[in-house]
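The residues making up each chain are set out below.
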Amino acid sequence: MHCSALANARRVVIDKRVANVVQAVAGIGDGATIHISGFGEAGNPTELIHALIDQGARELTVVSNNAGNGHLGLAALLEAGRVRKVICSFPRSSHAEVFIGLYRAGKIELELVPQGTLAERIRAGGAGIGAFYTPTTVGTPLAAGKEVRTINGRDYVLEYPIRADFALVKAELADRWGNLVFRMAARNFGPPMCMAADTTIVQVRRIVERGEIDPEHVVTPGIFVDRIVEVAKPISEVAVLLGKASAP
Amino acid sequence: MHCSALANARRVVIDKRVANVVQAVAGIGDGATIHISGFGEAGNPTELIHALIDQGARELTVVSNNAGNGHLGLAALLEAGRVRKVICSFPRSSHAEVFIGLYRAGKIELELVPQGTLAERIRAGGAGIGAFYTPTTVGTPLAAGKEVRTINGRDYVLEYPIRADFALVKAELADRWGNLVFRMAARNFGPPMCMAADTTIVQVRRIVERGEIDPEHVVTPGIFVDRIVEVAKPISEVAVLLGKASAP
Amino acid sequence: MSAPLTRAQMAWRVAQDIPNGAYVNLGIGMPEIVANYLPPDREVVFHCENGVLGMGPMPAAGKEDYELISAGKRPVTLVAGGAFVHSADSFAMIRGGHIDICVLGAFQVSVKGDLANWSTGEPDAVPAVGGAMDLAVGARRVFVISEHCTKQGAPKIVARCSYPLTAVGVVSTIYTDLAVIDVTNGGLLVRELIQSLDLADLQRRTGAPLSLARDWRALVAPELP
Amino acid sequence: MSAPLTRAQMAWRVAQDIPNGAYVNLGIGMPEIVANYLPPDREVVFHCENGVLGMGPMPAAGKEDYELISAGKRPVTLVAGGAFVHSADSFAMIRGGHIDICVLGAFQVSVKGDLANWSTGEPDAVPAVGGAMDLAVGARRVFVISEHCTKQGAPKIVARCSYPLTAVGVVSTIYTDLAVIDVTNGGLLVRELIQSLDLADLQRRTGAPLSLARDWRALVAPELP
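Quick mapping for you: the protein sequence lines, in order, are chains A, B, C and D.
So the first sequence is numbered by my numbering: it starts at 3 and just counts up by one.
So the second sequence is numbered by my numbering: it starts at 3 and just counts up by one.
So the third sequence is numbered by my numbering: it starts at 436 and just counts up by one.
So the fourth sequence is numbered by my numbering: it starts at 436 and just counts up by one.
Just chain A, same shape as in the assembly (with noise of 0.2 Å):
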């Protein structure tokens, strides 16, 4: 706030592409927090998740709606040892057995968030807002320690928003300028997560020319991305699950 050096801006020029996975996971520290977007098999990145495992950070807090499927992706990441602790909402998927054994053998720590609760408190975390009101978990186990308070003879639970310092999403298009359009289902998590990362990284089918995505039609507008790569087939996790495909 107190400095017109402006070397150091964050952004030099606009061009976002870089050139490979390699590149694109860059820089991620041990003990990172990390936004991973994807619910279920939809918009999962798996191939920057596979370029984290090859590039060796560890004791990574993961913030993502399921805790991975098979050994691919999320699940990999866990299984090679690399994840302190889990912020999710449903853990529990059908072929999360990758995370249920380390929560049961004690070597993961989870936070459990109501989906809902998830999504608003990184979206909150990305708007700048302090904290907020739910009326999700009164009187349940996940509102144990938490401030409550009535508003209007409506009792809600105070929380808090979640910052990662990267941002692992997958995307449908980008343009060089950052600006995402996702495809159906997989859009999920990604929007809200490129809002709420110091660095936001993100594979995306194709890159397009800038001035090629109409600006009525994008989701999520460049300011928010930092870093795209283009990963024009990447794996479906489902077709290596249902024995369709196999694994990188």
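Honestly, the hints are just simulated from the structure, not real lab data.
Predicted, not measured: the structure shown is a model, and the values here were computed from it.
All residues carry an ideal CB built from backbone N, CA and C; glycine is no exception.
Take the hints with a grain of salt, since some may be wrong.
Unchecked claim - Among chain D residues calculated to face chain A with C-beta under 10 Å, some are:
| hint | residue |
| --- | --- |
| 1 | P475 |
| 2 | V479 |
| 3 | L488 |
| 4 | G489 |
| 5 | M493 |
| 6 | L513 |
| 7 | V514 |
| 8 | F519 |
| 9 | V520 |
| 10 | D524 |
| 11 | A527 |
| 12 | I529 |
| 13 | R530 |
| 14 | G532 |
| 15 | V572 |
| 16 | A594 |
Could you slot chains B, C and D onto chain A? The hints should help.
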């Protein structure tokens, strides 16, 4: 909550079209709180407002970013003496003489809300948030009497949602389910206001067939919309102000 | 007919109470099949909390797209007039009271409408809640669809839930294989009952006091595959 | 050259400090003309709080569209790569710290970076704040552009603002017709000064203590129409 009588469900058939602006504003009662979209001259539902003037409701509370321009739309509603209170961020526009006259004469109440807090309070009203903490207004006269809380070393002011009985909104296209797209900067307060009213009434330039709006491009889904009316050639307030068109 | 309803018949019965024009969220499991029994003249919009508004039927075999899935993570389709939104907006719909009806399964429902459906509280269970708590507090009406008793014969409708709560005082109506019961300020009101039981029979299978609605009817459902 | 800067020159000076790639919001009035003086090799994205990201230059005469306006309600254009968002999302950008630089006018700036720019507090004034308070607290850096003194010659840079505050401790740098001054934890630091004044001259026109940066430079600007 405790009744299985289903006859009085809010939406009986999903055809939200009404024939004209008179039907669109039916049922707005004295004392109602009304969201009115628009910023400057972009996005004002001028034809709906004039129908409301003809309809006759009084003692209204109006929530809108500005407080009317010239003698049209919201300014005309104010001039007709129908509005008890305005909740807005910038009532002192270059053509706001009607509001300014009423305010100086002590004939209208003003709640001044910073524009971002106004948008967020409306969104909170639509999203079921009980209250939220914002850094805006800390240390200023607009925080007077409000709760301040320090969160992670930063001060925030507690703000409450703003819901309305009715929202009057202008959009570009709608289908019969009420899905909306907007046009350029006329989008502004429309989407959050659609979410935050018991009855949301939208005028659009054109009603299209269901399915014509790409599901990826819908800005406000029909779930937030109750009535739509086609106004093919809405008046341009600025054209009237500039003397290029005449008032209705 | 007098036997307890099958799961398909329970889903059918719930479907009859979904009015034209409703925005409806169907929970994972038995609630999902409610969509199959919607009367064909009804226009209802199904919401999935992962951001699908206007969920349509399952795709034809071979046409599955795993980027178009339900909250239960099954491939679905989108109807004309549907829309995709992100998770924060999807839960704004839920928490903001825009979903008219949510149909949820239950481990227990209390006489006050408390719902327990996310955890049996076993110490070694991996906790998982998903969107259940948001749906339970946010939907205008919460319909519970559930067998009347557990497999062991214990009542699921109880004076006070022993399992961890999902939400407090939210359930509107309980649809079981034996009865349709409204949760009212005056207690549990039986609106429909299968013909082979009387109220005393139902009361013996229920952990909280029941009363019979003055206009109660027989709970009947068509034969369904 | 040694005269005080013209308004165009002040805007030019601010423009030089906007780095490539910045997301920038220009307040209403003098800040708006900063865009005219951006070096042509810079790619900067201008944000308007009414939901325009990627504001371009004014349209050609006759091409105005009053649904594409700036926060100052003037017709503008959109550059390739721009986007439209609604007001809640637009202020999420602002409040969430996504705007790198906001340029605002000022009635007063205090030695601690407090800003007063929305109200003179006169009893009969119609209060209006718009987006100023959100921008002042939300932007990563707040640049103030303002004449050094009022028309009556009173200092606008003061020990403590007497006008109602817009925000507390937010101003990074003050660009006046006489100097460029950083607001630092150690006080007001003069980084540039027009050649016809020395620090003592500037101090006489300023209501709070100034110190001169070790690497201070002459404030010079090209002749501009």
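Here is how each hint holds up against the structure:
no.	hint	in the structure
1	P475	violated, 14 Å
2	V479	holds, 8 Å
3	L488	holds, 5 Å
4	G489	holds, 7 Å
5	M493	violated, 18 Å
6	L513	holds, 6 Å
7	V514	holds, 8 Å
8	F519	holds, 5 Å
9	V520	holds, 6 Å
10	D524	holds, 8 Å
11	A527	holds, 4 Å
12	I529	holds, 8 Å
13	R530	holds, 3 Å
14	G532	holds, 6 Å
15	V572	holds, 8 Å
16	A594	violated, 18 Å
Checked against the numbered hints listed earlier, the structure breaks hints 1, 5 and 16; every other hint is satisfied.
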